[in-house]
Amino acid sequence: METQELARNKSFEVEQREWKLRQRKERGKQLLTIVSPLFLLVLWEVMSRTGILDIRFFPPPSTIVQTFYDMVVSGVMAKHVGVSLYRIFIGFLAGVIPGIIVGLLMGLYSPIRHFVQPIVMALMPIPTLALLPIIIILFGIGDLSKVVTIAGSVFFPVVINTAAGVLNIDKIYLDVASNYQTSRWNFFFKIALPGALPVMLEGIQMGQAIALLTIVAAEMMGATSGIGYLIWTSYKAFLLPEMYVGLILISFFGYLFSLILRALQNKLLPWR
Amino acid sequence: MEGKPKITVDGLMKAFYKKQGSVIALEDISLTVAEGEFVCLVGPSGCGKTTLLRILAGLEQPSVGSFTIASETNNRPLQSMVFQERGVIPWLTVRENVAFGLKMRNLPKAFINERTDFYLKKTGLERFASLYPKELSGGMKQRVSIARAFANDPEILLMDEPFGALDEQNRFILQEELLSIWAETKKTVLFITHSIDEALLLSDRILLMGAQPGKIIEEIIIDVPRPRKMEDVRKDPEMATKFIEIWRHLQEEVQKSRE
Chain A
22 METQELARNK SFEVEQREWK LRQRKERGKQ LLTIVSPLFL LVLWEVMSRT GILDIRFFPP
82 PSTIVQTFYD MVVSGVMAKH VGVSLYRIFI GFLAGVIPGI IVGLLMGLYS PIRHFVQPIV
142 MALMPIPTLA LLPIIIILFG IGDLSKVVTI AGSVFFPVVI NTAAGVLNID KIYLDVASNY
202 QTSRWNFFFK IALPGALPVM LEGIQMGQAI ALLTIVAAEM MGATSGIGYL IWTSYKAFLL
262 PEMYVGLILI SFFGYLFSLI LRALQNKLLP WR
Chain B
92 MEGKPKITVD GLMKAFYKKQ GSVIALEDIS LTVAEGEFVC LVGPSGCGKT TLLRILAGLE
152 QPSVGSFTIA SETNNRPLQS MVFQERGVIP WLTVRENVAF GLKMRNLPKA FINERTDFYL
212 KKTGLERFAS LYPKELSGGM KQRVSIARAF ANDPEILLMD EPFGALDEQN RFILQEELLS
272 IWAETKKTVL FITHSIDEAL LLSDRILLMG AQPGKIIEEI IIDVPRPRKM EDVRKDPEMA
332 TKFIEIWRHL QEEVQKSRE
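Those protein sequence lines, which keep their order, are chains A and B.
Letter by letter, the first sequence follows residues 22 to 293 in my numbering.
Letter by letter, the second sequence follows residues 92 to 350 in my numbering.
Here chain A stands alone, though its shape is the one from the complex (with noise of 0.2 Å):
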């Protein structure tokens, strides 16, 4: 009786061991995912300064932090950072919601779809920076050029997983909707644009990361301020350690917007 006892604490025992190793290695895991962008850095650092790197194009990170916090105290950085955030965001809006418009359309409606399919995937190879010069024309230099090189480009990855949300919602839910007889309105908001709502979320995510990518290209041309002019005056007069405060603050911006719209998924769609 009291062997069994004793043969069920040890095995207890032994669970619970295997359980805190278990743990640990999870924290282990997890302080690899943050230590990884810290080594790259002080890789970096020590790189250039022992001059393994050439410091004139790769000056060290703490004089980058150093440029970054005098263009802070300065106000060049608000200028520029608030320029091409209005941008984006607004550029991305004007993609985003006529992307899902048209999207909608053309899951719901086949002659829609059959119209506007051959079209999409025309356009959709031809890269919007390609057309900036005409853009700048028809829309001068400012604000409008940009949002509307953002908007372009947004626009096809939107379209294309919207109408592909709409056409992947198994078939069994439209039956359900017409058997319990269902309004064409309610059909719209309670299956069509829910059924659709994970795959276009996706289109969403991607149209964001183009969004970034098309800023910087729009504002090195025909630009006089935001993110992408500063990148391209700072590596045009030379001064890299500008340059790449230009490009982390790209890649800051990023991520931001990826976890942003991360937890909006989760928000939107619970039932996943």
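I should point out that these hints are in silico values taken from the structure, not numbers from a laboratory.
Heads up, some of the hints might be wrong.
Unchecked claim - Cβ-to-Cβ under 7 Å is the rule here; a few derived chain B residues that face chain A:
id	residue
1	148
2	150
3	177
4	178
5	181
6	182
7	191
8	192
9	195
10	223
11	227
Unchecked claim - What follows is a set of in silico ranges between Cβ atoms, one per label pair, in the way DEER data are often shown:
id	chain 1	residue 1	chain 2	residue 2	range
12	A	132	B	152	19 to 25 Å
13	B	123	A	119	51 to 57 Å
14	B	345	A	46	53 to 59 Å
15	A	93	B	198	56 to 62 Å
16	A	29	B	177	57 to 63 Å
17	A	132	B	177	26 to 32 Å
18	B	312	A	195	50 to 56 Å
19	A	119	B	152	33 to 39 Å
20	B	255	A	287	29 to 35 Å
21	A	38	B	323	52 to 58 Å
22	A	195	B	113	23 to 29 Å
To be verified - Below, simulated DSS-like cross-link-like pairs (lysine-lysine); rule was C-alpha separation at most 27 Å, straight line:
id	chain 1	residue 1	chain 2	residue 2
23	A	192	A	41
24	A	192	B	109
25	A	288	B	194
26	A	288	B	225
From the three backbone atoms N, C-alpha and C, an ideal C-beta is built for every residue, glycine too.
Using the hints, position chain B against chain A.
Frame of chain A; chain B shown alone:
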């Protein structure tokens, strides 16, 4: 067969058109189902039983022939379908799923809530009302589908192999639950299954279907007294004979379709 006819199907034919020509899925189907009767359609896969049900559900149009579902009041929907497990809508909560038919008909809110509560309770889903279907087991999902159809209070219920994807124990439990709800509401039910046992337990009458083209080949009356339990049906030697009779018919049909 006593009682007024509730469903009348008259000379129904359905053909599907494909590249290689047309396929006749249903040929000259005529049947009546009496008010309050529970009828099972049993047949090999591909015999057109689902097509027949879909026509009655208004999801498909017959090529030739017609059917009527008798209705006394006009504020009741003619039919509601209990779909297979996948038919529970994943982005609606259990409660919203059960209320779906009522909401689509724009009924007063208080009425919808009362009716939804009643059927959530009846199917034992109260505790799960605010969950999404992904958090439910297969059996629970199927209860949602059943509650949704009953809550809609249609003239007749159509069921498309609702327990096909469940494991055996769960299937037994849900079959008995279904019978108890049905006994209270006295709905007319047309139920598709390929399980002979299921048909014997549930039906007042079994219609056996043959394949290619789909037609009704045999009618079998099940007069085991209700309320029934699985055990009653299993113990009854007459039911064992009927099981074998049905099995012989189906075997023949399956053989024929292979040739």
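Taking the hints in turn, this is what the structure says about them:
Interface hint at residue 148 of chain B: satisfied, since its Cβ lies 5 Å from the closest Cβ of chain A, which is below the 7 Å cut-off. Proximity of residue 150 of chain B to chain A holds as hinted, the smallest CB-CB distance being about 5 Å (cut-off 7 Å). The beta carbon of residue 177 of chain B is positioned within 7 Å of a beta carbon in chain A (closest approach about 5 Å), and the interface hint is therefore held. Residue-level restraint check for residue 178 of chain B holds (minimum Cβ-Cβ distance to chain A is 5 Å; threshold 7 Å).
At its closest, the beta carbon of residue 181 of chain B sits 5 Å from a beta carbon of chain A; the interface hint therefore holds under the 7 Å criterion. Hint on residue 182 of chain B holds. Least Cβ distance to chain A is approximately 4 Å, under the 7 Å limit. Checking residue 191 of chain B against chain A: minimum C-beta separation of about 6 Å stays under 7 Å; hint holds. Using the Cβ-Cβ criterion of 7 Å, the hint placing residue 192 of chain B at the interface with chain A is satisfied: the shortest such distance is roughly 4 Å.
A cut of 7 Å between beta carbons decides the hint on residue 195 of chain B: the least distance to chain A is about 5 Å, and the hint holds. The interface hint given for residue 223 of chain B is met, as the beta carbon of that residue sits about 4 Å from the closest beta carbon of chain A, less than 7 Å. The criterion of a C-beta within 7 Å of any C-beta in chain A is not met by residue 227 of chain B, whose closest approach is roughly 12 Å, and the hint is violated. Distance hint check: the CB atoms of residue 132 of chain A and residue 152 of chain B are about 21 Å apart, consistent with the given range 19 to 25 Å.
About 55 Å separates the C-beta atoms of residue 123 of chain B and residue 119 of chain A, a value consistent with the hinted range of 51 to 57 Å. For the pair residue 345 of chain B and residue 46 of chain A, the supplied restraint of 53 to 59 Å holds, since their beta-carbon distance comes to about 54 Å. Checked against the hint of 56 to 62 Å, the C-beta distance between residue 93 of chain A and residue 198 of chain B comes to roughly 60 Å, which is consistent with it. Between residue 29 of chain A and residue 177 of chain B the CB atoms are about 45 Å apart, so this pair departs from the stated range of 57 to 63 Å.
Between residue 132 of chain A and residue 177 of chain B the CB atoms are about 29 Å apart, so this pair conforms to the stated range of 26 to 32 Å. Look at residue 312 of chain B against residue 195 of chain A: about 37 Å separates their beta carbons, and that is not inside 50 to 56 Å. Residue 119 of chain A and residue 152 of chain B have their C-beta atoms about 37 Å apart, which keeps the hinted 33 to 39 Å range intact. The hint said 29 to 35 Å for the Cβ distance between residue 255 of chain B and residue 287 of chain A, and at roughly 34 Å that hint holds.
Range check, residue 38 of chain A to residue 323 of chain B: Cβ separation about 54 Å, and the 52 to 58 Å hint holds. The beta-carbon spacing between residue 195 of chain A and residue 113 of chain B, approximately 24 Å, falls within the hinted interval of 23 to 29 Å. A threshold of 27 Å between alpha carbons decides the hint, and for residue 192 of chain A with residue 41 of chain A the separation of about 47 Å lies outside it, so the pair is violated. Proposed proximity of residue 192 of chain A and residue 109 of chain B is supported: the alpha carbons are some 20 Å apart, at most 27 Å.
The suggested pairing of residue 288 of chain A with residue 194 of chain B holds, with an alpha-carbon distance near 24 Å, which does not exceed 27 Å. Note on residue 288 of chain A and residue 225 of chain B: the hinted pairing holds, with a Cα-Cα distance of about 16 Å set against a maximum of 27 Å.
The structure fails to meet hints 11, 16, 18 and 23 from the earlier list, while all remaining hints are met.
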